[in-house]
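Since the structure of chain A is provided, determine the placement of chain B on it from the hints.
Chains as they are written, first to last, in the working numbering: chain A, 253 to 523; chain B, 253 to 523.
No wet-lab data here; the hints were simulated from the structure.
Worth double-checking, as some hints may not be accurate.
Which copy is meant is left open, so a pair is good if it fits within one copy or across any two.
Unchecked claim - In silico lysine-lysine, BS3-like type, Cα no more than 30 Å apart, as pairs: (1) LYS279 / LYS392; (2) LYS430 / LYS279; (3) LYS282 / LYS361.
Number of protein chains: 2
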Amino acid sequence: MTTTQLITQIRKKKSFLCIGLDVDLQKIPKFLLETDDPIFEFNKAIIDATHHLAVAYKPNTAFYEAYGIKGWQALEKTIQYLNTNHPEIFTIADAKRGDIGNTSSMYAKAFFEDLAFDSVTVAPYMGKDSVEPFLAFQGKHTILLALTSNQGAFDFQTKIIADKEVYKHVLETSKTWKNSENLMYVVGATKASFLGEIREIVPESFLLVPGVGAQGGNLQDVCKYGMTDNIGLLINSSRGIIYASTEVDFASAAAKKAAELQSQMTAILEA
Amino acid sequence: MTTTQLITQIRKKKSFLCIGLDVDLQKIPKFLLETDDPIFEFNKAIIDATHHLAVAYKPNTAFYEAYGIKGWQALEKTIQYLNTNHPEIFTIADAKRGDIGNTSSMYAKAFFEDLAFDSVTVAPYMGKDSVEPFLAFQGKHTILLALTSNQGAFDFQTKIIADKEVYKHVLETSKTWKNSENLMYVVGATKASFLGEIREIVPESFLLVPGVGAQGGNLQDVCKYGMTDNIGLLINSSRGIIYASTEVDFASAAAKKAAELQSQMTAILEA
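One chain only, chain A, in its complex shape:
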């Protein structure tokens, strides 16, 4: 999916909501555990109930790997279900990968070609030649960890190198990499006040923003400092939506939570 197509979807749906599909078998409704593939059945129900409210879905691969082969199969079925039934949805493999060149190429192949995700999250620590193999895939997007939503972000990301923070070096340096037009960035909603300075460095890039809701980030602040003429934001909510209820009404409860966020987004977009 191209960035232009993503922007069109955001304007059409009046939503820049991304729903995180982080499926924990201990948190989903018990009756689903009796089905053949509880992870996929959960995802399918959530997608069916919320696809008109969201422009993106983001499975975090950790939650699938934790269940071994069955988890990996559920991930495959989920992305196939999305690509088959909702090709207009932007898909994000939240995998936070990154390795030396030939190895990053294997990861890129896995997520962009075999699983056919539109994008994948990538860690920047190993630098240029660990990220460029992802950027080489045309029509695909690489979402680089810049300033993450967790407390540990202050361990290294906000430390000062020369005259600026590490994450700003990541932003600036990444712009010099080949095919950098395929880059997006992860910026946590818990760091909304940093967004003004981030926009000075990457005025147009899409930002994937986790941390609204459960982690304490505020939607209005994120939009105030981070929104561009083309929106430039995907706001992710995972637990706040998918675990709204653990009963048989879980999908409609998820839709209700998604609708709440989506209506706030509509108000912001129409303001």
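Chain B alone, transformed into the frame defined by chain A:
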């Protein structure tokens, strides 16, 4: 496996060789492609031919994920084969994971409990709460990316924060994390001259050292600057060993290459 047990194995085998099981179906002998599980058959033959020469094996997960379900199954069979037949071998999941707390816990569960690896490589960019969930597993080891072997290491890792390089902050800060005794570090052989200063910060920790051979690193230099009284080094070679031949003699050719490195290690250990 405890660090003491690892040191005992190194002294017994007179080897601190780690063999990287980075299986690319385009590089393995063609006749293996006709078997039911070419990746596992390749690994099994390499392990059978080299297990007396190496103390550790390191599958890089990218090469398994690239083949989807079949790749993941081959990874499971490989670690099971190692744990069943060679429980004295130290196993490393080269996964370079790292995420916010609850998500890192899922990765730790996947690699330490379900797959039963002794250790996993983890990226430091997201800081303390992204690494501590791995450190919480007793008897398991977390191998933190410090100074990697690739050119991109100079993009961020060697930049100066205040008075020292980012990777030194990673080393120093990680020592303050809970259960930091379970830490090891990745330091590329291509950066051997940095090892003296690294040893000032982490005098005892084991270092996993990739980059000898194909990437140009030198074994003697690594040992000169990095070896401790308890050795403290695992030297990894992947392509240089496992792709020594692409014919039917691939396993014996791999053993020959492994034996060359192991005999150099023996000489160093006996010097």
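Hint check:
1. LYS279 / LYS392: Between copies, since 27 Å is at most 30 Å while 32 Å is not.
2. LYS430 / LYS279: The answer is between: 27 Å across copies meets 30 Å, while 42 Å in one copy does not.
3. LYS282 / LYS361: Between copies only: 22 Å across chains, 35 Å inside a chain, cut-off 30 Å.
Comparing the model with each earlier hint shows no violations; every hint is respected.
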